[in-house]
Amino acid sequence: MSERQLGERGGAAPPVRIRIASSAGLPGIAPRDGEPDAGPPRGLAGDAWYDLRRKPIFWVAVTLVLLFLVMATVPRVYTSISPTVCDLSRSQNPPSGQHWFGTDLQGCDVYARTIYGARASILVGVLSTLVSGVLALVVGMVAGYYGGWIDALLTRIIDIVLGIPLLLAAIVLSRSFGTRDLGIWPVVLVLGVLGWTTGARVVRSCVISAKQQDYVQAARMLGAGNRRIMFRHILPNAVAPFIVVLTIALGVFIATEATLSFLGVGLRPPTISWGDDISVAQGRFYQAPWPLLFPAGFLALTVVAFSMLGESVREAFDPRLR
Amino acid sequence: MTGLYSPPPKTGSGSAQAAMTGPYSPPPQTGSGSAQAAMTAMVAAPLLDVRDLALQFHTRDGVATVLNGVSYHLDPAEVLAVLGESGSGKSVTAHAIMGILDTPPARITGGEILYQGQDLLRMPESARRRFRGREIGMIFQDALSALNPVFSVGFQIAEAVRLGEGTSRADARKRAVELMDLVRIPGARQRVGEYPHQFSGGMRQRIMIAMALAQRPKVLIADEPTTALDVTVQAQIMDLLAELRRDLGMAMILITHDLGVVADVADRIVVMYAGRIVEQADVYQLYRTPGHPYTRGLLASVPRLNGKGAPLATIPGLPPSLTKIPTGCPFHPRCPYARDVCRSTVPPRVPLGIGRYSACHFAREVADGRRG
Amino acid sequence: MVAAAEPLIRVENLVKHFGTTGGGTGRGRSRHGRAGRHPGAIRAVDGVSFELYRGETLGVVGESGCGKSTLAKLLMLAERPTAGRAYLEGRDMLKMSGAELRRLRRRVQMVMQDPYTSLNPRMTVGDIVGEPYEIHPDAAPRGDRRRLVQQLLEYVGLNPEHINRYPHQFSGGQRQRVGIARALALRPEVIICDEPVSALDVSIQAQVINLLERLQAEFGLSYIFIAHDLSVVRHISDRVAVMYLGKFVEVGTEAQIYARPTHPYTQALLSAVPVPDPDARAWRDIIRLEGDVPSPADPPSGCRFRTRCWRPRERCATEEPPLAMRAADPHPSACHFAELRHGASRW
Chain A
1 MSERQLGERG GAAPPVRIRI ASSAGLPGIA PRDGEPDAGP PRGLAGDAWY
51 DLRRKPIFWV AVTLVLLFLV MATVPRVYTS ISPTVCDLSR SQNPPSGQHW
101 FGTDLQGCDV YARTIYGARA SILVGVLSTL VSGVLALVVG MVAGYYGGWI
151 DALLTRIIDI VLGIPLLLAA IVLSRSFGTR DLGIWPVVLV LGVLGWTTGA
201 RVVRSCVISA KQQDYVQAAR MLGAGNRRIM FRHILPNAVA PFIVVLTIAL
251 GVFIATEATL SFLGVGLRPP TISWGDDISV AQGRFYQAPW PLLFPAGFLA
301 LTVVAFSMLG ESVREAFDPR LR
Chain B
1 MTGLYSPPPK TGSGSAQAAM TGPYSPPPQT GSGSAQAAMT AMVAAPLLDV
51 RDLALQFHTR DGVATVLNGV SYHLDPAEVL AVLGESGSGK SVTAHAIMGI
101 LDTPPARITG GEILYQGQDL LRMPESARRR FRGREIGMIF QDALSALNPV
151 FSVGFQIAEA VRLGEGTSRA DARKRAVELM DLVRIPGARQ RVGEYPHQFS
201 GGMRQRIMIA MALAQRPKVL IADEPTTALD VTVQAQIMDL LAELRRDLGM
251 AMILITHDLG VVADVADRIV VMYAGRIVEQ ADVYQLYRTP GHPYTRGLLA
301 SVPRLNGKGA PLATIPGLPP SLTKIPTGCP FHPRCPYARD VCRSTVPPRV
351 PLGIGRYSAC HFAREVADGR RG
Chain C
1 MVAAAEPLIR VENLVKHFGT TGGGTGRGRS RHGRAGRHPG AIRAVDGVSF
51 ELYRGETLGV VGESGCGKST LAKLLMLAER PTAGRAYLEG RDMLKMSGAE
101 LRRLRRRVQM VMQDPYTSLN PRMTVGDIVG EPYEIHPDAA PRGDRRRLVQ
151 QLLEYVGLNP EHINRYPHQF SGGQRQRVGI ARALALRPEV IICDEPVSAL
201 DVSIQAQVIN LLERLQAEFG LSYIFIAHDL SVVRHISDRV AVMYLGKFVE
251 VGTEAQIYAR PTHPYTQALL SAVPVPDPDA RAWRDIIRLE GDVPSPADPP
301 SGCRFRTRCW RPRERCATEE PPLAMRAADP HPSACHFAEL RHGASRW
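Protein chains in written order, with the UniProt record's numbering: chain A, 1 to 322; chain B, 1 to 372; chain C, 1 to 347.
Keep in mind that the hints were calculated from the coordinates and are not lab data.
Hints should not be assumed to be uniformly reliable.
Stated by the list, open to error - Going by beta-carbon spacing under 10 Å, a handful of chain C positions derived as facing chain B:
#, residue
1, 229
2, 233
3, 259
4, 268
5, 279
6, 281
7, 283
8, 286
9, 325
10, 328
11, 329
Stated by the list, open to error - Here are the simulated distance ranges between beta carbons:
#, chain 1, residue 1, chain 2, residue 2, range
12, B, 107, A, 55, 20 to 26 Å
13, C, 13, B, 242, 53 to 59 Å
14, B, 178, C, 13, 48 to 54 Å
15, B, 107, A, 153, 31 to 37 Å
16, A, 153, C, 291, 21 to 27 Å
To be verified - Computed list of lysine to any residue pairs in SDA-like fashion (alpha-carbon distance at most 20 Å, straight line):
#, chain 1, residue 1, chain 2, residue 2
17, A, 211, C, 77
18, A, 211, C, 281
19, C, 95, C, 168
20, C, 95, A, 175
21, A, 211, C, 117
22, A, 211, C, 116
23, B, 174, B, 142
24, B, 324, C, 168
25, A, 55, B, 104
26, A, 211, C, 121
27, A, 55, B, 58
28, A, 55, B, 62
29, C, 95, A, 221
30, C, 95, C, 106
31, A, 211, C, 95
32, A, 55, B, 61
Remember, it's a predicted structure, so these values are computed and weren't measured experimentally.
Glycine included, every Cβ here is placed at the ideal spot set by N, Cα and C.
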């Protein structure tokens, strides 16, 4: 206990204890610790950033995510061809100088459709993450902080939600909206309402462990109220793993959206989505694989990019490596 | 540096130790314990000899020089105390001897560890494994985390026995009970099937000692064996260790920061600071006339049981960061004796009698008790 | 030092039992291994009474699991006692609420054991030391707070310019100083120190002990100093209470407890403390206690120490010895056969 591990600021924690205290020099009485070179203030987030900056995988992930975000917001940057102007005379042309990714059965440009498809996928991902994130945060905080019967009740609800099959819920919901075109919202609703459980569990366990920390005890003994303890002491210490869960969830939501669309219970035309395009293209895979391969490749890349980002952020924040 | 290494001299207490092993039954694994003791007395070859060990840790804040030319030796049947505060490198040296360092981040950059003349560091892992447990055993501070919670203690001790001897399960279990008796766990036969969490801290430490002794090592390294224990239990464990060491004719390296425990059991002491050995002395000499300002400061800063007294003497400042060890003598920023030479030159080992040295430019002044 | 007629804090028969499942006394719960056979509440603190006077230090020593940390939590009102009373200048602390409780917080503060977990890693040192002022805004006007925090850092021997650093940029000893500065912020009259130096290295430990003594003299603080290290406790305490299995077994001045202990447990504890002097091997006479501390869920009948006592008699098993004045030496000792131990006063 008396000694901190070397791993305090990076590197795997070795079993031996080494102090790398960065300041020194206080004489026994009254005086102060006067070493000037202990460096500027540096929080845990600062440390994490320091770690992240050194990781190529983080930069690869960031670059990809940025590329996809731009694709979703201003697709015109990538292509001037409209995804909805199709020419049946050019049905199922292989990739060429004019149509980089070829054309599909309808004669639409696969490259343009793939680029435009990013919007729906990423929007669904981001919105469902927001919805589920808010739910997870509220439920997790309340359950973890108050404990007792509240916790028991909320944990039970989490279990129940976890027990609902996603596909079934999506089908039910999609049927209940009938043929009305509500865009991406039904899918966002399904994913958001069913996808918060993991996040809530993470928040709950973080809150529970933060609640027992000595510094929370210390704040209580100073007379701090619930609100201060929750927002000043517990939340900041629980938020890092939560953000990480969200980044990973984002990738999962995008993949799930594609799955739902593929099965016909997610997004449908006229919304352009990767899942829907893959679904349409699969029947003619042997004649023309490109309308399937390119959206599928982009989909995989997006999911991998978000997971990589989440994973590298998690590593940077992981207290065990700190 | 090897030239500086003084051949291990037989101090008074050392030979007394060698003589003491006589009356006890020879350790079974050597076959000829008394012959060995006789040989030891003549040749005075150290059992274990750490020479000029250097070790670095690669951290984000730079390269930490964790060990910088650490040399010490262990004679058969003696108790060597390695005294130091956290970060001094006392545990790392032991981990290097056992070959259980995490590499990376640790990297041994120089030196050798001779066990009966063989360099452990230049051995393939497969050969080295034979020394671990069989020749050198180790016990740790935190017995709870060193024991596996999902296996019974009997099983874990038996495994340690089987690792060494490859005996049958039934025999190993029988031996586990014997070992538990040896470390005085009451009702060993009944408790052999219990799990670590069912034992108290002191009992768990006994179980760890039993495991370390399972293969009858010649050297026992005890890394802060009683730090986590209460005083009364600590006394029991130290008694047990002292007794076992005598009865089994083991040599022991006791790693600790506790000046009281050292004074109680050690024959010889090396004091470590910032990855170096700053002083080596016989236990009586070290406490009577400390030869290094750091040792002196440590002894003065311990609150004593026999009086309330004035404010404690303190060593000013903090131990250095191992990524930024001061030039010259690493202790100079905190040292009352420091002069210009201390800032520029690493102090040599100044001999202060037989088997005794201090790495201080002013070692004689310090040992004579002159103020800095 | 023991001058004022009225004690600052008076504790009467404080009791804390934990249910079998909830709570705990920190480490050293379920010792002995046979827990579960005797289901029952864990009697962490089982009838403790004492007084603390202004400006004095009361040391509380005991082994792990004796209930000393629970006692600290009770006094900080972090745990509700099962029974008993605690008065601060005659007013019942346990009945306080609202504004009165907030005032109490300003008068009684605490320094915790572990300098690594007692500071919020996401707050700067300035925020940590200044938090008491945010919780008690009337303690200091907003404009003064930064200056006050810097002053506090200076008091405890830290560089006031480091106000924007984070805890992990400091060593253990420095973090403990931050914890002390936080405890001092509201200018309390009492600071409860729960093992404040046990996590620190020897040379750093001495610095922090000296700091605590200096602050006591400067601010007229009273300390309740809880520790397992008998040497440290003697060094800092005016009076000492020895705790075993939830009860005080002996209370006296520092000189009485250390030079003339009459309880066999105190005598055994003192004899077992390793002496940093190899010459002591010749004359030390260690009383070797057998076994471990029994489970606080199932304490022995009569005298709780009798199972490990080195001079038990029949009466000890049947009749619980009260903490009372004994003929052997004029200070309270909870032993029927309290007597001085001869020829062993040299520790």
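Exercise. Are the Cα atoms of residue 55(A) and residue 104(B) separated by 20 Å or less?
Worked result: 18 Å, holds
Problem set entry | Restraint check for residue 211(A) with residue 281(C), where alpha carbons must lie at most 20 Å apart | The hint is violated at about 48 Å.
Exercise. At a threshold of 10 Å, is the proposed contact between residue 286(C) and chain B supported by beta-carbon distances?
Worked result: 6 Å, holds
Exercise. Per the CB criterion, is residue 229(C) less than 10 Å away from chain B?
Worked result: It holds, given that the least Cβ distance between residue 229(C) and chain B is near 8 Å, below 10 Å.
Exercise. Is residue 55(A) within 20 Å of residue 62(B), Cα to Cα?
Worked result: Within the cut-off at roughly 17 Å; holds.
Exercise. Do residue 178(B) and residue 13(C) keep their Cβ atoms within the hinted range of 48 to 54 Å?
Worked result: 49 Å, holds
For this session: Using the beta carbons of residue 107(B) and residue 55(A), state whether their distance is inside 20 to 26 Å or not.
Result: 22 Å, holds
Exercise. Is the hint on residue 329(C) kept, meaning its closest Cβ partner in chain B is under 10 Å away?
Worked result: Given a least distance of 18 Å, the restraint on residue 329(C) is violated.
Exercise. Do the alpha carbons of residue 211(A) and residue 95(C) lie within 20 Å of each other, as the hint requires?
Worked result: 25 Å, violated
For this session: Given the hint that residue 211(A) pairs with residue 116(C), test it: the Cα-Cα distance must not exceed 20 Å.
Result: With Cα atoms ~16 Å apart, residue 211(A) and residue 116(C) stay inside 20 Å; holds.
Problem set entry | Range agreement (Cβ of residue 153(A) with Cβ of residue 107(B), hint 31 to 37 Å) | 54 Å, violated
Exercise. Is the Cα-Cα distance between residue 211(A) and residue 117(C) 20 Å or less?
Worked result: The given pair, whose Cα atoms are some 12 Å apart, holds under the 20 Å limit.
When each numbered hint is compared with the structure, violations occur for hints 7, 9, 10, 11, 13, 15, 16, 18, 19, 20, 23, 31.
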